[in-house]
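Asker: Chain A is fixed; fit chain B onto it per the hints.
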Amino acid sequence: MNRREALSSVALLLGGTIIGAEAFLSGCKTGESKLGTSLNLTPNDISFLDEVGETILPTTASSPGAKATKIGDFMKTIVNDCYEDKDQQIFLAGMQKLDDASKAKNGKSFMESNDQQRHDLLVDLDKEQKDYTSKKQPADPNHYFRMMKELTLWGYFTSEIGATKALRYIAVPGHYDGCVPYKKGDKAWAT
Amino acid sequence: MPDSLNINNKAVEQNTYDAIVIGSGISGGWAAKELTEKGLKVLMLERGRNIEHVKGYVNANKEAWDYPHRGTRTQQMIKDYPVLKRDYPLNETNLDYWVKDSESPYTEIKRFDWFRGYHVGGRSLMWGRQSYRLSDYDFEANAKEGIAIDWPIRYKEIAPWYSYVEKFAGISGNRDGLPNLPDGEYLPPMDMTCVEKDVSARLKEYYKGQRLMVIGRTANLTEAIPGRTKCQFRNKCWLGCPYGGYFSTQSSTLPAAMATNNLTLRPWSIVTKILYDKDKKKATGVEVLDAETNKTYQFYSKIVFLNASALNSAWVLMNSATDIWSDGLGSSSGELGHNVMDHHFRAGASGTVDGYDDKYYFGRRANGVYIPRYRNIFGDKRDYLRGFGYQGGSGRQGWSREIAELSIGGDFKDALTEPGPWTMGIGGFGETLPYHENKVTLDKNKKDKWGLNVLAFDVEIKENERKMRKDMQQDAIEMLEATGVKNVKGYDREAILGRGIHEMGTARMGKDPKTSVLNKFNQVWDAPNVFVTDGAFMTSSACHNPSLGYMAFTARAADHAVSELKKGNI
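In order, the protein sequences belong to chains A and B.
By this note's numbering, the letter at position 177 of the first sequence is numbered 232, and the numbering carries on one by one without gaps.
By this note's numbering, the letter at position 168 of the second sequence is numbered 344, and the numbering carries on one by one without gaps.
Since the hints were derived computationally from the structure, they do not count as laboratory data.
Take these hints with a grain of salt, some might be off.
According to the in silico footprint, chain B covers these stretches of chain A (three or more CB under 8 Å from chain B) [stated by the list, open to error]:
| no. | region |
| --- | --- |
| 1 | 209-216 |
| 2 | 233-241 |
Straight-line alpha carbon distances no greater than 20 Å define the calculated EDC-like cross-link-like pairs of lysine to aspartate or glutamate that follow [said to hold, decoys possible]:
| no. | chain 1 | residue 1 | chain 2 | residue 2 |
| --- | --- | --- | --- | --- |
| 3 | B | K690 | B | D503 |
| 4 | B | K625 | B | D242 |
| 5 | A | K122 | B | D242 |
| 6 | A | K220 | B | E239 |
| 7 | A | K185 | B | D503 |
| 8 | B | K742 | B | E239 |
All C-beta atoms, glycine included, are put in the ideal place defined by N, C-alpha and C.
The following block holds chain A by itself, in its conformation from the complex (with noise of 0.2 Å):
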């Protein structure tokens, strides 16, 4: 028995419906339950992007990834302020479009991915965007995984984890030295 028809099996045995239970069941619906499809993005919504930036930035030795910046909470509020309303859209209409990228080529949704499909998955999604743009004209559509890529990037270069534990800060320099010795694997200063 899955959860649905227990639920309703519940549901019967007392006799009407459980208030809520539509949304309940709909939400947790695996693979089933559309992802963006408002700008008041659900906590599946941002959890999901959570791990779409984390594909793209991923955990390492060196530093945190993506998700520890909250980068799915900063695609939400960029995107809402900040994206022209057709920018909106297609990031939005994005969202399911990369899921059921997913499914085609794994099988199965993003989420329910393992780190190595999520990540074969973006490559291909950033092949295909690195194509659509060097042919894009100007008045033509960005493309939704250019957009997720960008905003993962700048939320977490940006961010304080990106720009202290990934990159070099220093608030107050103090100083000015134009020419200084650099040796590889010394981190970029973040600004």
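Answerer: What follows is chain B alone, placed relative to chain A:
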């Protein structure tokens, strides 16, 4: 004496000062400092709010991650700021320092990007701080070429005043010994990057010393001076500097003026006109509209310094003494509001630099390199007049660069945490000629939030500037390629005047009251106790960032004003 008259006399007395300064930006601050230090009781009027030094710089210690949108503009901001959105000033970090376009509209017969700061300190808080002297190549150009009118002064007259203001303001720079870019009184120069040092050396060699790249001269302190800490190389200048590391009214001239106990500062005071006595042919004071209460006040003084910024100073004059001159005080020459100038820019080139993988820099230098003008001087002759200088700089690319062979993932991320290749770019700042037909006028059909008529702009670049821009791009490409920069790409973006934020020329100085608004000491010919010492006085624009000149001319005019006052001449 009847009571009412008695009260009236008392009110007049309370509202009477030796001098009134209209505006608190770079030049207004200097006027207040100089006049108060010479013992005058001064009222400084500022149309906007007060911003206190340090305390008022609310974002000065914020980091990128402290801003909800990491500093960038939102769609709401774009709606609210239809003018400011046209260029970089619309941003989340210092939005409150820029004028709300909705409150202070203006009319564009031709497009003009007017980026204003209405608050104590004006644009001295947000300015670019590049500080160069004009030379006789600039002061003599109009006369030699038969353009507009001759400047009424030459370099040797203003040179000591440049020195005077440089010592107080604190200008960092190198003494390069160039005739067209005279040396000043400098704090130690900032460093060039390794790449800039080499490009500079190659440029000098390639052009046999005819073209040079020097370190920018900037109003940032490379050594502490009394009352101010040296620049900390945070590169957050335009938020207001809690260290006083760069020159602003708040860090520099205002504390000096306040220390005399001779200064009264009144924010929220929109000067609507200068009061003029037609019998004495002098100003007697100003009328003020309180921006918060909409009440009207009158203040009286022996002299008035008008420092509202070039365009608004013209606006104040246009609204003054209209019963005698319908186009306002200073309009008898027919030049008031005309000859609007700005520097045209956004033409240049950039590219990448191979090598130097083992070189980097420490600190964030709020300064760049400078290539002084070389066109149409030293025997060079082009199919246009005047010339341009370049500002530029180099740096290593950061996380926003493309890494072709990497897509996403851990290797990609780790690669982005290291600096990328070096890039180097230069962009020209070109002189704009003073055209009589480039003008502002009063639009009697449009009013601002306070019911005041607004300015209408009819200003554009012309053939001389368009020809110059070709060189600004082509020369940049040629110089970068000649000095080993690779993948050089030139650009020439739209040249909209105003966005240089160097407005000049609306009340030019000259030798003849028939063709100029001001005399050589910045006095309005028709009211010699009114001094206009902001960008309005500029007879030509030269190609350098102009603010240092406003400081020098203001200090000189203040000295002259007090001297004339003592002699009873004004």
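Asker: With reference to the structure, classify each hint as holding or not holding.
Answerer: The hints, checked one at a time:
1. Counting residues of the region 209-216 of chain A whose CB lies closer than 8 Å to any CB of chain B gives 6, which reaches the minimum of 3, so the coverage claim holds.
2. Coverage of a stretch by a chain is defined here by at least three residues with a beta carbon nearer than 8 Å to that chain's beta carbons; for the region 233-241 of chain A and chain B the count is 9, and the condition holds.
3. A hinted pair counts as satisfied when its Cα atoms are at most 20 Å apart, and K690/B with D503/B qualifies at roughly 15 Å.
4. Of the supplied pair hints, the one linking K625/B and D242/B is violated, its CA atoms being roughly 33 Å apart against a limit of 20 Å.
5. Distance hint between K122/A and D242/B is fulfilled; the C-alpha atoms sit about 18 Å from each other, no more than 20 Å.
6. Pair hint K220/A plus E239/B holds up; C-alpha atoms about 15 Å apart against a cutoff of 20 Å.
7. Restraint check for K185/A and D503/B: not satisfied, since their Cα atoms lie roughly 60 Å apart, outside the 20 Å limit.
8. Annotation: proposed proximity of K742/B to E239/B is violated, straight-line Cα distance about 52 Å (limit 20 Å).
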